[in-house]
Amino acid sequence: MKSPDSQLAVQFDNVTKAFATTLAVRGLSFPVRKGCIFGLLGPNGAGKTTTIRLLTGILHATGGSVSVLGGNAPPQVRSRIGYLPEEKGLYKRMRVRDYLVFAARLKELAKSEAQTRADALLERFAFEEWRSERCDRLSKGMGQKVQIMATLIHEPDLVVLDEPFSGLDPVNVELVRVMMREIRDGNRTVVFSTHVMEQAELLCEDLVLINKGKTVLAGNLSEILAGYGNSVRIHYQGNGAALRDLDEVLSVSDTGQTAELRMRQDADTQALLAKLIQRVEVRKFDLTHLSIHEVFLREVNATPPTESGESDDA
Amino acid sequence: MRSRIQHTWLIAVRDYLELVHTRAFWIGLAVVPLLLLGLGLASAFLIDDTVTDYAVLDESGGLAHQIRIEIAESDLRRFFVSLKRTDSLENPTLQALREQLIQFEPTSAAVERLVSELAELIVHPPAPTLAGHATDTNLRFADMWRSGDRSLLDVYEPRSLTQYIELRLEHPSRELLDQLLDSKRIFGYFLIPHDMVDDGSGAKYVTRSLSNLQIEDWYSWHATRVVRARRVEQAALDPELIKHVTRSIDFKEHKHGVVDDPSAAPEAEATDVILEFLPAGFAYMLWIMIFTSAISLMTNVVEEKSNRLFEVILSSATAQDLMDGKTLAVLFSGLTMGAVWALFGAVLIALGLAVLDGETFRALANGLFQPLLMAQFLFYFVTGFLFYAALLSALGASCTTMKEAQALSLPVQLVLFVPLVLLVPVSMDPDRTIGVVLSFVPPLTPFVMMIRAIGSPVWWEYLATGGLMVATVFLTRKLCIRIYQKGVLSTGRPPRFRELAAMLKEERL
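As they're listed, the protein sequences go chains A and B. With the first letter of the first sequence counted as 1, position 40 gets the number 40 in the working numbering; the numbers rise by one all the way through. One gets the working numbering by counting positions in the second sequence from 1 and adding 1000 to each.
If we strip away everything but chain A, and leave its shape as in the complex, we get (with noise of 0.2 angstroms):
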């Protein structure tokens, strides 16, 4: 099975996974082009984890079909992907390096090659003085450093991310940000899913985003947003109440001092602000795309009820 679109890092075509009594997946299809970052996005049980699964070999799909890196079924390839899953362990007694090389064994490499490359990916962190260290003496965040190493180790063509932001300070989320970046800077692709849509909406070029194990939006950030029309946000002080009923608004997503409003294809700008100010003490007026969280609101709630088993994002 090769795709003939060789632009493309993975194909999902009409994709299902159903276990026992649940259809996790029913008829997912997207495309990853190659050398982008890539969101999955979804409420918890949309069917993330069972999507990310799919793509990284660990299940097989019930119908439909997926391929990965040049039209391959994504066991022929596991040696090209880097997982880090969302539930992050490592073998509490084995020393850091011996874990990575491990990791970069089971991914095929030479035993030399991957010492080499613990070698090089312990000093680019900065955790040499760790190497020996037994895992189960790190701090939660020197653990997930780890993790991170170990999914980069053999410098994979695809790199798959489950939550990868989940329980991590500032500075990790900070490192996983720039190694995400620095991936898609070499020409390879990441794939990652968040229900945090801020992240996808700061690192994301293109987008899937799946409800109930169904595909509701899939595509290009930037064009979905500009399908959805503009909106204004702005920082205002003064009674949230006001900012209802004005023609130009289709919706207000209102957080107390900050509000996003929805507007109209024809509305005009300086006649809503017009109003705005007569109303409300405005701060900060933009002119803006709606935000993916507004879509994401938007969709989802709009999505139809299934008519057989729920997912379980298993």
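Possibly wrong hints are sitting among the right ones.
To be verified - Looking from chain A toward chain B, a few residues come up when the C-beta cut is under 8 angstroms (computed):
1. ALA20
2. TYR83
3. LYS92
4. ARG105
5. LEU106
6. LYS111
7. GLU113
Unchecked claim - Just so you have them, the derived chain A footprint on chain B, three or more residues with Cβ under 8 angstroms:
8. 1291–1298
9. 1311–1321
Calculated directly from the structure, the hints in this document are not laboratory data. This one's a predicted model, so the numbers in the text were calculated from it and none came from an experiment. From the three backbone atoms N, C-alpha and C, an ideal C-beta is built for every residue, glycine too.
Starting from the structure of chain A, add chain B where the hints point.
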């Protein structure tokens, strides 16, 4: 295929090194042989410590003396049998006595005369001037016997010297014996009434505790022989005729097939009996090794699952690689355990041979290191372990805590306990129908066939049961991987048996 083998091997080596690098592994390894050694030493110590002192109050005017002679004669006959077998004697008196015995026929009148003479010298030592015609060898031997000389006890340990020791008193009385009893100087005393030969109903054994009546059986057996001889004499009956009439039938043990020429060694030696029990010992060791290894694998699987390790491994290797690798690691650690125990046993036997040079140690050395028995042990360990490992690792993978795993695996563990119950009945009669039938039940095959090695099953039984076992292991592992691959990724409550059955139907995850 190459990468599958590589993954399995990597996982196996990693897990094995981690298993054998723990202090718990080596402590556990040392505990079993040390425990066995400790038990051996403790029982030896306890046996030495169970010397029972007794006294005799003789109102019959001489029967006690006759009973002492009878006891000494009985012990001497047994001693002579061992002495003739022992060819490395350093004590010149024992050497001389052995040379003398070798010239006699085993049950000849000459032996009986020697027994009587020595018994008399032991029980009633003559004054030096009255030694009469007793030879120097006989006098020296009697001295050695009375003093409980060590070189004599190395040949044989007579009960009257090591277990039941009479406290001989010059003027015994009931009062004195009761005092000795109260002061715990003696464990009990025998009262021989004046009419013991005519009636005997007044004979008594007075003791502090009725918990040990073996001494009473022992003493009354000898007393009965003396009294019976007196009664025969009083009735003027021919003692030889009575001896012939009352002679009991003694079936000598002889193992079929062990000795080709029955005339060469027609009777089973004591060492043969030890060898007979070796397969049962092997079966017990096999059970310990399979049980501990399979449970250790289940624990390991549950621990690593709760540490969230499997998902990242499964992105590089298949669930089959993971299960096989972990199983191999525990199999290797079990073999390490067996090898260390075998080495420990070999060192003990070598020490025993060097220090004690006993027949028993030689027999143990020959018996333990039989290539066929070792090969059987290895085959049954590997197949038995692989079978139970598949079941327990699949069930362990389906659980997130040890408590859940123990509950779910209870039926398998109960089956694992069945061989322990079968150990004694099957070893008593290894070729009985029940043993033969159970050896064809794969979960029990390794243990039952190991026990049945006592009876030397025919070749086709080895072949058929072995083939069935290998096929069962193959099939069990093929089915269990279906549960395992789903289990390692599952969360929440463990599956019910109905759900496990449903998992068996799905080949791919």
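Hint check:
At about 6 angstroms, the closest approach between the beta carbon of A/ALA20 and any beta carbon in chain B falls short of 8 angstroms, and the interface hint on this residue holds. The beta carbon of A/TYR83 comes within 4 angstroms of a beta carbon in chain B, closer than 8 angstroms, and the hint placing it at the interface holds. Hint status for A/LYS92 relative to chain B: holds, with the closest Cβ pair at about 7 angstroms, below 8 angstroms. Nearest Cβ of chain B to the Cβ of A/ARG105: about 5 angstroms, under the 8 angstroms cut. The hint holds.
Given hint, A/LEU106 at the interface with chain B, holds; its Cβ is 4 angstroms from that chain's nearest Cβ, closer than 8 angstroms. Because the beta carbon of A/LYS111 sits about 10 angstroms from the nearest beta carbon in chain B, more than 8 angstroms, this interface hint is broken. Hint on A/GLU113 is violated. Least Cβ distance to chain B is approximately 14 angstroms, over the 8 angstroms limit. Residue count for the stretch 1291–1298 of chain B with a Cβ under 8 angstroms from a Cβ of chain A: 0. That is fewer than the three needed, and the coverage hint is violated.
Residues of the stretch 1311–1321 of chain B lying with their CB closer than 8 angstroms to a CB of chain A number 8, which satisfies the three-residue condition for coverage.
When the structure is compared with the earlier hints, violations turn up for hints 6, 7, 8 and for no others.
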